[in-house]
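Hey, can you piece these two chains together into the complex? The hints should help.
These are the residues of each chain, in order.
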Amino acid sequence: AQSVTQLDSHVSVSEGTPVLLRCNYSSSYSPSLFWYVQHPNKGLQLLLKYTSAATLVKGINGFEAEFKKSETSFHLTKPSAHMSDAAEYFCATDNAGNMLTFGGGTRLMVKP
Amino acid sequence: EAGVAQSPRYKIIEKRQSVAFWCNPISGHATLYWYQQILGQGPKLLIQFQNNGVVDDSQLPKDRFSAERLKGVDSTLKIQPAKLEDSAVYLCASSLAAVLNEQFFGPGTRLTVL
Numbered sequence: 001a002q003s004v005t006q007l008d009s010h011v012s013v014s015e016g017t018p019v020l021l022r023c024n025y026s027s028s029y030s031p032s033l034f035w036y037v038q039h040p041n042k043g044l045q046l047l048l049k050y051t052s053a054a055t056l057v058k059g060i061n062g063f064e065a066e067f068k069k070s071e072t073s074f075h076l077t078k079p080s081a082h083m084s085d086a087a088e089y090f091c092a093t094d095n096a097g098n099m100l101t102f103g104g105g106t107r108l109m110v111k112p
Numbered sequence: 001e002a003g004v005a006q007s008p009r010y011k012i013i014e015k016r017q018s019v020a021f022w023c024n025p026i027s028g029h030a031t032l033y034w035y036q037q038i039l040g041q042g043p044k045l046l047i048q049f050q051n052n053g054v055v056d057d058s059q060l061p062k063d064r065f066s067a068e069r070l071k072g073v074d075s076t077l078k079i080q081p082a083k084l085e086d087s088a089v090y091l092c093a094s095s096l097a098a099v100l101n102e103q104f105f106g107p108g109t110r111l112t113v114l
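Chains as they are written, first to last, in the working numbering: chain A, 1 to 112; chain B, 1 to 114.
It should be emphasised that the hints constitute simulated quantities derived from the structure, not laboratory data.
Treat the hints with caution; some may be incorrect.
[Said to hold, decoys possible] Below are the BS3-like pairs computed for lysine-lysine, each with C-alpha atoms no more than 30 Å apart in a straight line:
| no. | chain 1 | residue 1 | chain 2 | residue 2 |
| --- | --- | --- | --- | --- |
| 1 | B | K11 | B | K78 |
| 2 | A | K49 | B | K11 |
| 3 | A | K42 | B | K15 |
| 4 | B | K15 | A | K69 |
Chain B with its partners taken away, still in its complex shape (with noise of 0.2 Å):
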């Protein structure tokens, strides 16, 4: 079974670009969730997708980040533009079901802001 797709893995960019991230989840796996992980410490949900519409994005900025799954499937995250801060690695995960389902996590994409 083929898991979770990222790309890039990497990209650098200068602050006040914009960037996008690309996910394909797992064939069949109604749930998406992106998470930020900032180097140091846990991740943390951004937004979650059941098919293609948003269950919850409280923690998602959205004067600069913003995400869609418009067929409920793949999924791109962007940022525009980006701050220092944003740099972190940014997982996406898919699960079956929103209701006590395992989620599976892609590699992430490393982005650094400079």
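Bound conformation, chain A alone (with noise of 0.2 Å):
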């Protein structure tokens, strides 16, 4: 069975300086691998998506991740940290049909 684990429950950072959220995964395929990120009181939103194609995957408000199979990771990076990006991501995994199984969350704390 496919499973996510997001290594920190709460990440705080100064706005300004990189952001790195760490995700590792758990699958007996090549896995469809996806981070959200939900603010409060609103729907998750899709960053970025890695499907198999490039590794290193660019997603939205300068968000990208990269695929390492030699360490099952999937860890988020953002070069300088926004106030805006205070909120909660979240690491998932898909099976075939496209059932989303997602890690336990990471808080972003974004210090002016």
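Written as structure tokens, this is what we have:
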């Protein structure tokens, strides 16, 4: 069965500094991997997805993630954090039927 | 393009009462999903519909939860009777098709069971 583990429940950065949100996956085959963002009282929004094409995936709002098969990781990064990036971030994987399995989430806090 | 609509946004009920949630997916989206998101956790898929048929409901607690999508468009999720542990945000999502299609999420319904 597929699963994802988000290694940090909370991450705090200062505005303008890099962001790193960590995600490890477990899958018996080459997975599709996703990062979603959830702002308070809003639905989840897709940031980016990996579907076995380029291993470095660029998403919206300056985020990107790199698929590393040898490390079973799909970490989310951004060079410079903005205050508006403060939110909950979820890593997810899916099976062939498009059913998503989510990690536990990482709350990103951005300090001025 | 209008997004996924859900109502109500908030609901407070007492245990053993019944509650229903409504979802209107993006026009033309054949696949609809209901997720349960307990505070501090990631969303968990409850049920997936393809048009008006159920694709997967293996994680739906069928003794108390039911869902339908009679005309292949809107969907309702019902809990009867509710338990304290059902307190969560219930998210509806839709996608064009069931294979490798982006899921678009609604704002959710926050249920509190007292």
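Structure-based check of each hint:
1. B:K11 / B:K78: Distance ~13 Å between B:K11 and B:K78 Cα, so the pair holds.
2. A:K49 / B:K11: 33 Å, violated
3. A:K42 / B:K15: 26 Å, holds
4. B:K15 / A:K69: Status violated; Cα separation ~46 Å.
Hint violations for this structure: numbers 2, 4, all remaining hints satisfied.
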